[in-house]
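Assemble the complex: chain A is given as a structure, and chain B must be docked to it using the hints.
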Amino acid sequence: MDKLLVVEDLKTHFFIRRGVIKAVDGVTFSLGRGESLGLVGESGSGKSMMCLSILRLVPQPAGRIVGGSIRFEGDNLLDKTEREMRYIRGGKIALIPQDPMTSLDPTFSVWSQLSERLRLHRGLSGKPLWDRSVELLRQVRIPSPEERLHAYPHQLSGGMRQRVIGAMALGCEPSLLIADEPTTALDVTIQAQYLLLLREMRDRLGAGLIFVTHDLGIVECMCDRVAVMYAGKIVEEAPVTSIFADARHPYTRALLKSVPRLGERSERLTAIEGQPPDLARLPTGCAFRPRCPIRVGLCEEYPPLAQFEGGHRAACWLAK
Amino acid sequence: MARYYSKRLGIVLITLFLLSIVVFVLPRVAGDPVYLLLPSDASEEDRQELREELGLTKSLPEQYWIFLKGAVQGDFGESVYIRQPVTELIADRFPATLKLAAATFVFALPLGILLGILAAIRKNRWPDLLARSVAVAGQSLPNFWIGIMLILLFSVTWELLPTSGIGGPDHYVLPVITLGWVGLAGVTRLTRSSMLEVLGSDYITFLRASGIPEKSVVLKHALRNAAIPVVTMAAIMFGYLLTGSIVVESVFAWPGMGRLAYESVARADFPLIQGIVLFYGVIFISLNLLADLFYSWIDPRIRYQ
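For the protein sequence lines, the chains are A and B, in the order given.
According to the working numbering, numbering within the first sequence proceeds without interruption in unit steps and concludes at 320.
According to the working numbering, numbering within the second sequence proceeds without interruption in unit steps and concludes at 305.
Read the hints as simulated data drawn from the structure, not as lab findings.
Nothing here was measured: the structure is a model prediction, and the numbers come from that model.
Yeah, the Cβ is synthetic: ideal placement off N, Cα and C, and Gly gets one too.
Don't take each hint at face value.
Said to hold, decoys possible - In silico EDC-like links for lysine to aspartate or glutamate, alpha-carbon gap of 16 Å or less:
1. A/Lys320 to A/Glu309
2. B/Lys215 to A/Glu309
3. B/Lys215 to A/Glu82
4. B/Lys220 to A/Glu82
As the list claims (entries may be wrong) - If you only want the chain B side, here are some residues facing chain A, beta carbon under 8 Å, derived:
5. Phe206
6. Arg208
7. Ala209
8. Ile298
9. Asp299
10. Pro300
11. Arg301
As the list claims (entries may be wrong) - Rough simulated footprint, nothing fancy, chain B against chain A, three-plus residues with beta-carbon under 8 Å:
12. 12-24
13. 86-98
This is chain A alone, in the form it adopts within the complex (with noise of 0.2 Å):
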């Protein structure tokens, strides 16, 4: 099957005074058209800054690419000049933002903020780029869009926002969508709506979706296929359905436990011990090993990521 990303090997640091901080070490993963990804793992494991390599957007000057290969689409993204990755950033691979509340500029009208990205990326101008606007927002399902692209964000609702940035990504046709914890900023009704119109983009562009989340429990109901990343590391990756009734790395099966979920019998959820580790001082061998219930003295050497049946990847000794 072709691929529409091929992650390989990925390494972003960032050289900071107290050291190197491997934010992404060392991740490989892929991702076919029209296929949902659901990126899992704590705060500061590294899957923000994985979505911001992909889109070259890396903090600088701390943080930098130091290895690996993006290929998106058959070219490596880390080959291309900024210029060339102008026109993949929001053309090609769109980011959907955290919280739509903050992430439209206050200073200008809908219809300025919407027209100039199709502007840029679809070569609109005059008559046409103006019906193209009217007719993306009621795509979304904005009522009296010409009125609606006068407006200014912030006599817009939560809601709309929504809608509006939803409309942005759907102009640009993009083949790649990125939702970087899109909803948790976000209360649980908006929530919702949010998630049905990111399935809806989806589905409508044919795209590939990289949902970043926490939540286990959307995961499920947005994704194919889901990778838990713990310190910069891919530690597990399965289809949706086996993690949940066959987790491998302790990790994820202690993620599991944290998490309630829909429609099961609430056993008691219980916290995974001790701290998220220090990026810049991580043990040797498995970044885990230190709140690892089951570690073994084998775990001082990092475990490769073993291939199991049914697309199953796990990086622990112990999986079998």
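Relative to the frame of chain A, chain B by itself:
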């Protein structure tokens, strides 16, 4: 919209009215100008005569009424010392101050904004260090010292620029730098911190992730959002420039408002003090109104409130 502006106008009138009371009462509390106008050996009869001539024997409300009636017609009476109409004296001195203020504003504001932007987008690298050095120097070196040092260097040692007085463009260089450096420092620091705050916001990340060119992200989107505090500061700065600087006007023998104001206070010349302070009041209020108009143009959230 109309309601908003009529409300603003009402506030302006009330402010001016209160200012007129303060400016009327203060010189009369501070001292009797007659003692300064007449030689110390003048008789009590002479003093009383002068008081009557100046209208100081009338009751305070009556004096205030005369003052107010004249002021709304643009007549602030006559200077008791120079014996010339106050409006004439102001009209005489203000152009020099206005020219220097305009030149200084045009120098300090754009340069300050430019340095602030450069410092923000190159944080902790050399443009930032340069901008911060300029700012620290401007805010910590006293301007009379800067002025004298500039004269020493450019006029005395190198004989490039005139030391003092008003004249051609070369007369402006040193006073403008001396007067503008503090404002430049303030604008630079404020632009830098405001830009840094805005550049870290979600919508900037979203713009970058949408492929918007960095030039447009910084100059169109970030600058507009960072502009409000800078506009406020620019208005205040221009206000201070228009009221004239006693120190800089003294160092460069610039015939402006600052020295006139200083002299009027030193001589307890109450009609002149009243005229100048009210004039200053009108300047500051107008600039604030202008800044408000600017806010609502910059940020739609401020409109119609």
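field: In rising order, the numbers of the hints this structure does not comply with
entry: Hints 2, 4 and 12 not satisfied by this model.
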